[in-house]
Each structure stands twice: as structure tokens, then as C-alpha cells.
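**Student:** Sequence lines, in order, name chains A and B. Under our numbering, the first sequence has 74 at position 74, and the numbering climbs by one with no breaks. To convert, count from 1 in the second sequence and add 1000; that's our numbering.
Treat the hints with caution; some may be incorrect.
[As the list claims (entries may be wrong)] Here are some, though not all, of the chain B residues that point toward chain A, as calculated from beta-carbon distances under 7 Å: (1) Ile1008; (2) Met1066; (3) Tyr1068; (4) Asn1151; (5) Glu1154; (6) Glu1155.
In short, the hints are calculated from the structure, not lab data. Don't be surprised by glycine CBs; every beta carbon is placed ideally from N, CA and C.
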Amino acid sequence: MIDETPAKTENPTHATQKTHFGFEEVAVEDKAERVAGVFHSVAGKYDLMNDLMSGGIHRLWKRFTIEVSAVRPGHKVLDIAGGTGDLAYKFSKLVGDKGQVILSDINSSMLNVGRDRLIDRGVNSNVQYAQLDAQYLPFADNTFDCITIAFGLRNVTDKDLALRSMLRVLKPGGRLLVLEFSKPQNSMLEKVYDQYSFRLLPLMGKLITNDADSYRYLAESIRMHPDQDTLKDMMNSAGFANTEFYNMTGGVVALHKGIKP
Amino acid sequence: MKSGHTNIELITVLTSAIEAVINTALRYDPASKQQLSTLTDILAIESTAPAITLYCHGTEDGVRIMGYCESPVATQLKGSPLALLSLLKQPTNLANSGVELVGSVGLLQQWQQLLQQLDIDWEDAISNVLGDIAGPLAMKTFRGSISWTHNQKEEQLRLLKEYLTEELRAIPSKTELEDFYSAVSDTAMDVDRLSARATQLFNRFKKENNDNKETSE
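Isolated chain A, as found in the complex (with noise of 0.2 Å):
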């Protein structure tokens, strides 16, 4: 499943937050924890689910995200809701043994099977593991040269306060790199889309998994998160410069970067 991190809270503007779990509203306090149950549920299958649901385009979309990352040997790169280490794996390679990443996520079934994929891979002297939310990142201001979250910013709860994180622990000229599902560019392929989403996807998840709902759960989600525009100009707001997006796949999936100044 092409998914990861959750969180905590919803733009906490009143007393009685509600905020949405797919397309159901729920309280704020409960969302992290019904996220979090969609996956410890998936994570045992995760990467299969991905090739499945994506025909394997997942890895060209991860492939682009560290081309645009630009990262060098002795970079700090910061992996946030790394799921089974797809990125973090290419980053150890590119920061070579001067440089440094994190792979983290909140959820730690995600990061455990993360970690044994990273090991059994031969990767450990230059990549570290934490478990942490991405609205309140443990690390000092300026320390990373580049941050991704891929698919997994739709799960967190205030993603104006992640955004307004990550530009904190960027180093000034460090990039954020954020990979998400976003708004089909074309009416067709959208609808086409839709019906994927909601029949074939959590009718896929029940034969493999034995679980529709968390990839119902996941269409939905989809859905609920910003379009491209809405995202550049969340991005904006949180201080980022030159933000820009690439649509892929017709815009099924984008990559927003932008830079600290």
C-alpha cells in the first residue's frame, strides 16, 4: 500500500475537533490511532501491495523523487513516514559514508520492517531509525539538507504544522520533497481512477490482505488531500521558496519541492 505515517491533531481550532478518517468525520484525539491500525495491519505486506496496486510505477515515481532531491555525498537527508525504506535505501547510497539519513515514521510495525529490509540489504553504517511524528520533529533548527515524506502526508493530522516542522529542521537552501496522490488532470482518467480506487483496490486488499477497509481507507484518503495548487500554496504559507510540483501519471501522483530560504 502505497501509504504511510499518521498523526496527531487536526488544525485544532476549537474545543471539539473533528477531523476526517477517509471520509468519515471522527474526533481528533482518535484519528492517529485508527491510521495507526491501518498499519500495523498492512505493513507485513506492504510492498506487495504496492507493485500491485501501481503495476510497479511506485518505484519510477520514488526513482524521479530522489533525482529532484539532488542529494550529494555528505548530505543529512531526513526520510519521514520511510515505510519500508524504498528512499531511505538510495539516500544511504548517495550521502555515502560522510553523509547521514534518517528513516522515520510514526508507526512502528512500518518502521520495524523498514529497518530488517535495510539490514538484510547490507545497510547500516550510515542510516539511523526514528519513531516520531512528523508535526513535532525531534531535531535541533537547520540540520537537514533535504527532507521527503512520500505518501505520507494525507495521514497527518495538521499538515500545515508538519509543514511549518520540516522547514524548521532544513537547513536554509535544504529541500522538501513532498510525494502524494493528488488530483487526476484529465476528467477520464479521473473517473477511471474513481472506479479503480473504490472497487478494484478494496476488493485487491480482501484477497491479499484480508482487509478492505484499510484500502478503502486509503481511496478515501486520497480524495481528502489537497490538490496540487491547494498543497504549493500550503507550502508557501509554511515559508517555503520556489515551490513547484511534477504531475505524474497524469496527475494521479505529484511531487511538490520547495526550499528553505
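Please build the complex by placing chain B on the supplied structure of chain A, with the hints as guidance.
**Tutor:** Same frame as chain A, but now just chain B:
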């Protein structure tokens, strides 16, 4: 490749496929792979049709090929795919090659040298797939087939030449051509001699004519 670019997946598929093929082959030529790790500067290859730019540099794991690059480019090559491929054969001469170069020529030469020295142990590669008995056997058969094909090609050319000259008489044989060229050469020399002789006679006649005129005056 900015917002709304439609070829991101296509280019990414292309770069990952090329990279995978090269790096798989490099596993069977460790010396080249080690040499490649020193070529860390970016080489940009810009094809004019189709309009694609690929960026490559060496890493410890082999070659890295990208469709998007923000790092400084050390050498940029621009030309048609055929012109760019021809650079593999003609090491350093870019004159009339149809390829424009911007930046360091040294980096290009290093890449060309590496490509020409490439010595991939295909037998090892095949053996890893087919095993230690079938692998060498398959390679022996393959090498035999290549040799047989080469011999057949030469034999067919010889037979075709013989058929056209001796049976069809459609074209002259080499000996006939040589005789013809020799006859043409002899004729040319005879004509030259005749021309020189005529000129000499004409000059002599002209001189005698002038002498006679002076005597009569």
C-alpha cells in the same frame, strides 16, 4: 521537467532500463566498474530527435543515469542519436561528427577510453544463469555459430562474385579490368606523345616560316 511535464515516467523507464543493463553487464568486468567509480563528474548527453537529455556519472555500484539533474554538468554533448553513437568509434575527433561539445573534452575521452576497454566476461554471465556445464557449452556453441556465420558470409560473397563475372558475364573480372585499365593507360600515353610531337612540329614549322619571311625581306 516542470509542472505538468508528461514524459517523466517514460524518461525514468528509459534511464532505469539503460542503467540496469549497463550495471548488470559491468558485474562481469570488475576492472571497468572500478575505473567507472572515478568518473564522478556529470556527463550530459542531449539527443536532438527525440529531444531527450540524459545525465550520467560513475558510482561505486556502476553507472548512474538520470533524466533530471540539478548538479553542475562537466561535459555536454548534443547531436542526433546516430551522431552520438558514432563517437564510440571515433575516439576524439569531433570535426564533422554532427556532435556539439560544451565543457571538458577530458571527461569525454575518459568515457570513450572506458567503453573501448570494456571486456565483459559473457561466459561467466551465462554460466551464472545456465550453470557451470551448460554455460560454457552454450558459449562454445555461440562462438562456433559466430565463426560459421563469418565464414559463410565470406564464402557467399566469393560465390556471388564468381557467378556475376563468369556465369552471367554481367560485370568484368579483375584481370579483364586490369587489362582494360592498362590499355587505357597505354592509349593515354600514346596520345600524350602524339600531342607533344605535334606541338614540336608546329613550333618548328612556325620558326621556319618566320626565318623565310626575314630572308625575303
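**Student:** Now, for every hint given, state plainly whether the structure supports it.
**Tutor:** Verification of the supplied hints:
1. Proximity of B:Ile1008 to chain A holds as hinted, the smallest CB-CB distance being about 5 Å (cut-off 7 Å).
2. For B:Met1066, the suggested interface contact is upheld, since its CB lies about 5 Å from the closest CB of chain A, less than 7 Å.
3. Proximity of B:Tyr1068 to chain A holds as hinted, the smallest CB-CB distance being about 4 Å (cut-off 7 Å).
4. A cut of 7 Å between beta carbons decides the hint on B:Asn1151: the least distance to chain A is about 45 Å, and the hint is violated.
5. With a cut of 7 Å, the hint placing B:Glu1154 at the interface with chain A is violated, because the nearest CB-to-CB distance is about 47 Å.
6. For the restraint placing B:Glu1155 at the interface with chain A, the shortest Cβ-Cβ distance is roughly 48 Å, beyond the 7 Å limit, so the hint is violated.
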